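*Asks:* Each chain, letter by letter, is given below.
Number of protein chains: 2
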Amino acid sequence: MTPHLAQVLAKGPLFQQLPPKLCQCLISKAQPRSYGRGAVICLQGEQARTLKLVLDGWVKLYRLSGSGEEAVLATLQAADSFDEVAALQGGISQASAEAVSPCTVLHLDLQAICACERAKEHLQAAVLHMASHHLDGMMAQVEGLKVQTGAQRLTRYLIDLYEAEGGAIEFELPFEKVILAGKLGMKPESLSRAFARLKPVGVSSSHRLVSIRDMSKLRAYAEATAA
Amino acid sequence: MTPHLAQVLAKGPLFQQLPPKLCQCLISKAQPRSYGRGAVICLQGEQARTLKLVLDGWVKLYRLSGSGEEAVLATLQAADSFDEVAALQGGISQASAEAVSPCTVLHLDLQAICACERAKEHLQAAVLHMASHHLDGMMAQVEGLKVQTGAQRLTRYLIDLYEAEGGAIEFELPFEKVILAGKLGMKPESLSRAFARLKPVGVSSSHRLVSIRDMSKLRAYAEATAA
Chain A
1 MTPHLAQVLA KGPLFQQLPP KLCQCLISKA QPRSYGRGAV ICLQGEQART
51 LKLVLDGWVK LYRLSGSGEE AVLATLQAAD SFDEVAALQG GISQASAEAV
101 SPCTVLHLDL QAICACERAK EHLQAAVLHM ASHHLDGMMA QVEGLKVQTG
151 AQRLTRYLID LYEAEGGAIE FELPFEKVIL AGKLGMKPES LSRAFARLKP
201 VGVSSSHRLV SIRDMSKLRA YAEATAA
Chain B
1 MTPHLAQVLA KGPLFQQLPP KLCQCLISKA QPRSYGRGAV ICLQGEQART
51 LKLVLDGWVK LYRLSGSGEE AVLATLQAAD SFDEVAALQG GISQASAEAV
101 SPCTVLHLDL QAICACERAK EHLQAAVLHM ASHHLDGMMA QVEGLKVQTG
151 AQRLTRYLID LYEAEGGAIE FELPFEKVIL AGKLGMKPES LSRAFARLKP
201 VGVSSSHRLV SIRDMSKLRA YAEATAA
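Taken in order, these protein sequences are the chains called A and B. Going letter by letter, the first sequence gives residues 1 to 227 in UniProt numbering. Going letter by letter, the second sequence gives residues 1 to 227 in UniProt numbering.
These are computed hints drawn from the structure, not numbers from a lab. Wrong hints could be hidden among the right ones.
Which copy is meant is left open, because identical chains are indistinguishable; a pair holds if it fits in one copy or across any two.
As the list claims (entries may be wrong) - Straight-line C-alpha distance at most 25 Å; calculated SDA-like pairs for lysine to any residue: (1) Lys120 with His133; (2) Lys217 with Glu69; (3) Lys120 with Leu22; (4) Lys120 with Pro20; (5) Lys199 with Cys25; (6) Lys217 with Pro174; (7) Lys217 with Ser67; (8) Lys29 with Glu170; (9) Lys217 with Gly66.
Keep in mind the model is a prediction, meaning the values are calculated, not measured.
Just need the whole structure built from these sequences, with the hints factored in.
*Replies:* Written out as structure tokens, the structure reads:
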């Protein structure tokens, strides 16, 4: 890992919770692994062994229902992490993870604790912070799934993406539409209908390319349909 | 609080994580409060101050969306707790809580730590355990909302309730159908349709009374629709 990348990561929510020395120590022992698109990173129900921290690319967290249907829980990018609690306590992964683009994931062994002072205590606090952060994210997602329509969830997602992209009016979706549909809790055909519903407010899309003609119109739509 | 109740509670997931002495100490300082149906227990966005542990009755955890629509996140009963992380760290409640039946809730102040040995460390581990437990529950809920139909979620709920009731074929729903609809992520009219869909497999309901004529038929339906 380059010193630059380590620096970037240290600003992420996990390492921000740790003293710099413990941070450096963990990173120095960590194993970065590269995955091709579609590669399995870990499987629900198996020993987690490590905390996984995404360095680049996109990762899909998902669960398989009893019927074998896939429920996308989250899409993760650089500085996002998962399996924190399981890695700390020696438990199993609560979801499977798959690379949806070529990606690099840093594997951190939380049980091989070094001689850093009060390392266990600091790690526990950091893991609690992350668990609380994930819990809040999942609660927000349950809220969205229960009270918003698919078109409203898509609108929210596009506004967030627009802001993350620094206000570009044309951008590429970070992953395929079938994954976006799963993430937003829709069938692919419902996602197509949701995109069609946004056409009158200036959103058009072709494959992964999306353009937003008038952001204020899209925001107005978001507010009007929420009201 | 009666010694019996304290004993029952000590078997719940929170206190199981704590040494008996710390358990007793926390319980001795805790404040039980009674709430009438519809009373507010705490509000999303306000200082949490305490960990809340349900002693009896039913509590609804919910969020209000931007449009003022209510998303029920969970329904809680005796031995269930919430606001653990916020109480430990002095943060805000991530959801509102309301009594949906008359209920008693024990308020535990995690910051007024007694002289018990390594109290903070034990509390942190217990809170992490609970956060992880809630996270898993929310992930399971996201999974259900994304891959199951309303009728499938209702079927799963009825099977769980049947088992919790010790196999009774006729029982009362613990709260009103409008709350059940919110919990399962449906509009009340969709819940009525879901109940109607279960009629051919022997489920009938009138107000809060539900009867299941043939449990094996309902289980078969659950499996057939999941396949």
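*Asks:* Does each hint fit the structure? Answer for all of them.
*Replies:* These are the hints, each one checked on the structure:
1. Lys120 with His133: both (20 Å within a copy, 21 Å between copies)
2. Lys217 with Glu69: between (36 Å within a copy, 23 Å between copies)
3. Lys120 with Leu22: So Lys120 and Leu22 pass the 25 Å test inside a copy (10 Å) and across (21 Å) alike.
4. Lys120 with Pro20: Answer is both; intra-copy 15 Å and inter-copy 23 Å each pass.
5. Lys199 with Cys25: neither (51 Å within a copy, 61 Å between copies)
6. Lys217 with Pro174: Result: close within a single copy only, 23 Å intra versus 45 Å inter.
7. Lys217 with Ser67: between (41 Å within a copy, 18 Å between copies)
8. Lys29 with Glu170: neither (40 Å within a copy, 58 Å between copies)
9. Lys217 with Gly66: For Lys217 and Gly66, only the inter-copy Cα distance (18 Å) is at most 25 Å; the intra-copy one is 42 Å.
In this structure, the hints that do not hold are numbers 5, 8, in rising order.
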